[in-house]
Each structure stands twice: as C-alpha cells, then as structure tokens.
Amino acid sequence: MIYLYAVIDRPSAPIPATIGLCGAATDALQYRDIAAVISPLTTTQIQATEDNLWRHEMVLEELMTDRSVLPVQFGAVFTDELSALAVMDERYADFAANLNRVRGRVELGLRALWDDPLASSPDSQPSDDAVDGRAYMLDRVRKQRDLQARRQEAEAFAETIHGSIARLADESGYRLQVSPSPYLNGAYLVKREAVATFRQEVETLASTYPKLCLLCTGPWPPFSFVNGKQTEDTEGNEKWRLQPTGSTSR
Amino acid sequence: MSESVLREKNLALLDLLDRILDKGVILRGDITISVADVDLVYLGLKVLLSSVDTVERIRGIANQALLEAAAKG
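Protein chains in written order, with my numbering: chain Y, 1 to 250; chain U, 1 to 73.
Please keep in mind that the hints were generated in silico from the structure rather than gathered at the bench. Careful, some of the hints might be misleading.
As the list claims (entries may be wrong) - Below, simulated BS3-like cross-link-like pairs (lysine-lysine); rule was C-alpha separation at most 30 Å, straight line: (1) Y:Lys143 to Y:Lys211; (2) Y:Lys211 to U:Lys9; (3) Y:Lys191 to U:Lys9.
Modelling step: build the complete structure from the supplied sequences, incorporating the hints.
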C-alpha cells in the first residue's frame with residue numbers, strides 16, 4: 001500500500017529526505033521526466049487528523065524548495081506502485097503541462113473581512129397584527145433591494161482589494177461571501193521573487209483601509225492552480241473566480 | 001501562546017484545510033480515507049474561531065468534496 005503526496009519534475013535529482021505519514025520515509029517513483037512522491041503505508045486506516053494533514057503539507061513544502069510540485073489532495077492511497085504508475089501514465093500530459101505552469105511560482109492566500117455599513121442598519125420589523133398585504137410586499141421588496149445593494153457594494157470593494165494584488169500574480173482567483181458580513185478568500189500564483197513585493201502590497205492595503213482585517217498566508221504549494229478549475233461556482237452567494245492576471249502568465 | 005498567535009495559527013490551519021481537502025490534484029486512489037476526523041478538525045476550529053463565520057461553509061465544501069471522492073471511488 002502506498003500514499004501519494006505530489007507529482008514533481010526533475011526526477012533525477014534526489015528528493016529531500018522527509019518522513020511522511022505513519023513515520024515512513026518518502027521516495028520518488030519516476031515516470032518519464034516526472035515522478036510521484038510516495039511513502040509506504042502499513043495500514044489502510046489513514047485518517048484526516050490535524051497531524052496527518054500537516055505531515056502531508058510538510059512533505060510538499062520540503063519538495064517545493066528545489067523543484068516544481070503539483071500538490072495532490074489529501075487521501076490518495078494506492079494498492080501498489082503499478083497502480084500509481086498507471087495514473088501517472090494516464091494523466092502524464094496534464095501533469096507535465098501543469099508542472100510548467102507553476103514552475104518557479106508559489107501560492108499565497110489572502111483572507112479579508114470588512115464591515116458592511118448597510119448590514120448594521122436597523123431592520124424595521126412590521127408588527128405582526130397591523131400588517132396588510134401591500135405593506136408586507138413593500139417590505140419584502142425593500143429588503144431585497146438592500147441585499148442587492150450590499151452585494152454590489154461588497155463586490156465592488158472586493159474587486160478593488162483583489163485587483164490591487166492580483167496584478168502582482170500570474171493567476172489568481174477569489175471567493176466572496178456577502179452575508180452576514182463581507183468576506184473575501186483569495187488565492188494568488190506568484191513568482192517566488194515577487195513574494196516580498198506581494199506581502200508589501202498587502203501591508204499597503206492594510207494601511208490604506210484601516211477597517212479591513214487582512215491575513216496573508218503562504219507560500220503554499222500551488223493547490224488552487226493545478227486543476228484548471230476555471231468554472232464559476234455560484235453556490236449560495238459566493239463565487240470562485242480564477243483568471244490569468246498580469247502580463248507574463250504562462 | 002498569546003491569543004492572537006493562537007488565532008493566526010488556527011487561521012493557517014483553516015487555510016491548510018481549505019486547500020488540502022478541497023483543492024490540489026484529485027487522484028482517485030484505490031482506497032478512501034475516513035471523513036470522520038475532518039469533521040473533528042473543523043469542529044475544533046469552529047469553537048476556536050467562532051467569529052469567522054465561514055468555517056461552517058468551508059467545512060461543508062470539504063466534506064462535499066470528500067463524499068464525492070468516496071462515492072466515485
């Protein structure tokens with residue numbers, strides 16, 4: 001049984017000696033000019049505990065230091081090397097293309113929370129007994145308009161925030177949640193040498209908008225940029241938008 | 001550990017969960033993993049980060065992804 005962490009390039013260069021899940025040393029399983037990073041498993045009972053999740057992440061971060069890494073979602077377990085190689089064969093073109101896309105780049109995350117001035121406006125509840133149909137409908141219309149206005153305002157501000165840092169990234173995307181309070185969760189694929197500039201820009205944002213609560217995390221392996229998920233996910237009131245930004249993508 | 005350091009640490013964990021369970025290359029392995037512990041990690045975070053109202057939503061997305069993966073596998 002083997003656990004698979006990542007797909008990497010430069011298979012001829014030895015991978016850093018790291019301990020993976022269950023205390024087992026990691027190894028590279030080469031296929032053509034790429035490789036899968038694996039470790040043997042003695043149990044099928046791998047669980048998504050905090051420790052195991054960080055262990056998986058640590059293996060990826062060690063690999064990131066000297067090569068391109070496609071992080072694999074937690075929980076890829078194969079019966080043997082042959083079974084893992086079959087997947088490498090099947091998806092080789094996709095993996096090779098993505099390794100090229102993310103080469104020399106890391107992912108940075110940004111969470112931004114801010115106050116929504118319209119949200120705090122008192123909600124004039126019509127009293128239960130004195131409400132006629134017309135007043136009720138007008139009230140419904142007013143609430144709907146308020147929500148619409150809040151959404152537009154949040155979207156405009158999100159574009160401002162996202163736009164000012166997305167220009168430093170080769171690709172980027174974000175989700176926006178409007179209620180109960182506006183919340184932006186963004187991901188940015190940034191060249192290694194641009195990481196410091198990116199962080200600087202986040203600090204500039206923080207000082208420009210003192211009421212904005214910002215948290216920049218990373219560098220992460222490029223989790224958000226390896227599936228080519230260009231779809232717009234409109235679940236509830238959030239959107240996940242990925243788009244190439246900047247002039248030098250690819 | 002100060003409260004703010006603890007909070008940052010947990011937000012980093014939230015960012016990790018958001019990525020490691022919901023994003024990344026999806027490989028359909030031969031065996032599926034237990035989803036139960038993910039619930040525990042997210043629930044623990046929900047208690048610690050009660051002001052971050054998105055934990056529940058992200059947990060929902062991650063569980064959905066895992067359940068879909070399990071259904072496919």
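For each hint, the structure was consulted:
1. Y:Lys143 to Y:Lys211: Distance of about 26 Å is within 30 Å: holds.
2. Y:Lys211 to U:Lys9: At roughly 22 Å apart (the allowed maximum being 30 Å), Lys9 (chain U) and Lys211 (chain Y) satisfy the hint.
3. Y:Lys191 to U:Lys9: Roughly 25 Å between the alpha carbons, so the hint for Lys191 (chain Y) and Lys9 (chain U) holds.
Checked against the numbered hints listed earlier, the structure breaks none of them; every hint is satisfied.
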